[in-house]
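**Q** What follows is each chain in one-letter form.
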Amino acid sequence: MNKLAIGALLVLCPSLASAQAISTEVDVSAGYSTENVSAGSTQIRALGEGPGAVRFFVEAAWGARYFPDSRPKSPTDVFGAAYPYENRAQVVEAYGERMFRPGGALVGVRAGRFRTPFGISTRSDHAYGGFMRAPMIRYDDYFALSNNFLEHGADVIVGAPQAYFEASVGRPSDVGTVQRRPGFDTVLRGQAYYRSAIVGVSHYRAMPYQPEYFAKGRAVFTGVDVRWMYNGIQLRGEFLSGRPFDDTTTTGGYIDLLVHRVWMGPVTAVARLERLDYDTIPEFVLFARRAMAGARIRIPGGLTAQIAAGHQWRQQIQRDRTAFDFAVSYSLRRDIDAHRQ
Amino acid sequence: MRVSLLVIGLLVLRASAAGTPAADLRGTARAGDRPQANAVVWLDAPNSPSSLEAKRPVLDQRNLSFSPHVLAVRVGAAVDFPNNDRVFHNVFSFRDGKKFDLGLYPVGVQKPVVFDKPGLSRIFCNIHPNMAAYVLAVDSPYFGVTDDRGAFAIPLVPAGRFTYHAWRPGGPDLTGTLTADGSPLDIRWP
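Chains as they are written, first to last, in our numbering: chain A, 1 to 341; chain B, 1 to 190.
With the rest of the complex left out, here is chain A (with noise of 0.2 Å):
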């Protein structure tokens, strides 16, 4: 599957090797849960624009976490956030896009792989953000969506930067700890923008990640996302219901904030409140709340470090109560050319 994903982009970008620009971006992270979990991870990626204004998108990662014998592996959530943790290097995304701005209107072209564009589904929402755990909704193994999910396949984006609508078609290429079923994936996306708020819907169908003989019917889901950042506080929220397949329900969101004002200088501050509820026959109901709240900093030299306390209640989704998680980053990128125009 990464080689079909290579081919896609090498199609859409015959010549990377002649590009006009291209920067890469390593981040090295390592981390700590009172769970008595430890985490390492790399991401390497690259980026740029090729012959055509092609823009290319490659990331590879490795990552895995580490759970002392005394404690059984599961369930924890921790370092979950938008990358899979299963000790062996991955393509993650890998794709070519082409915009176009045709009397101001917005046409975006977009083939390879590419995490599923449902809702917020951008790495820079949720890797390393001062969260070290994935909203409950976007984590693999909860009956939703998985931040980790990725389409082969393409998208179109049409419309005009105010408001547009995407669609994307493509087969499961997933990366985590649970891969959906072969298929044919859909999502159906509206977005709009109003000063410094952006809302958006979208609608998903694919195959469930469970097996066939437990999970009959397709997963579908709707959503519903807002952004909103001004003067240094960013709220942002995900509201999801579905089906994860035929007779359950999943109803979820959570809600952001984060907070880095002027006089906070490295540190931005991070919240979250998140629900999750999945109905279906009573044994396997499961109906979880979690508060966090934590720190991300800037340390010179590229550093980065995250710290977040995540208390939960109702039913018991990560491994204690009440953890705290912490993170350090170091990342570094490189402009290898540059002949921009």
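For the record, the hints were derived by calculation from the structure and aren't laboratory data.
Keep in mind that this is a model prediction, so the values were computed, not measured.
Wrong hints could be hidden among the right ones.
Where chain B lies over chain A, by a calculated footprint (3+ residues, C-beta under 8 Å) [said to hold, decoys possible]:
# : region
1 : 47 to 61
2 : 228 to 239
If you want the footprint, here are the derived chain B segments under chain A, 3+ residues with CB under 8 Å [said to hold, decoys possible]:
# : region
3 : 75 to 81
4 : 85 to 98
5 : 127 to 137
6 : 172 to 180
Don't be surprised by glycine CBs; every beta carbon is placed ideally from N, CA and C.
For chain A, the structure is supplied; the task is to place chain B on it using the hints.
**A** Here is chain B on its own, set in the frame of chain A:
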């Protein structure tokens, strides 16, 4: 073509009006022995007529980076900040110079900021912490930014004696005097 000819004509007229021949001031900037890219060199000329820039300065957001990394503008210039990435950006400057926050905006949207006072503004994106750039507003029409080889060119400097300034990211400002007579200006940070 007509616009270009008009700009050239106006530049010639302006140089003639000053009564002194104008020539490009070229030079290099080094930090120690190494060429210094992204350094800004400008000449004191606070009462010079308005500059005749044909294009509005742009600080692009593309490929999760600001381009250029260092932008020099004359005080009063409006700088456009277009988002040319698929993801959202939130450009802000809180620390020095011009303070502003453009809020969150998506691909295809462009927002302007007028740099109405001289000084250095550090530009960041609130979503992508690796994105950073500088805008240096100078009260002079005579300025240039060095390229990767440390070379710069300041166009149409009238002959005469000037005080020059040089700035580079993370380094001290340098000041000196020069006589603009076609000779190159070499700037060196210790």
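**Q** Determine for every hint whether it applies to the structure shown.
**A** Now the hints, each set against the structure:
no.	hint	result
1	47 to 61	holds (count 4)
2	228 to 239	holds (count 6)
3	75 to 81	violated (count 0)
4	85 to 98	holds (count 7)
5	127 to 137	holds (count 4)
6	172 to 180	violated (count 0)
Of the hints listed earlier, those the structure fails to meet are numbers 3 and 6, in rising order.
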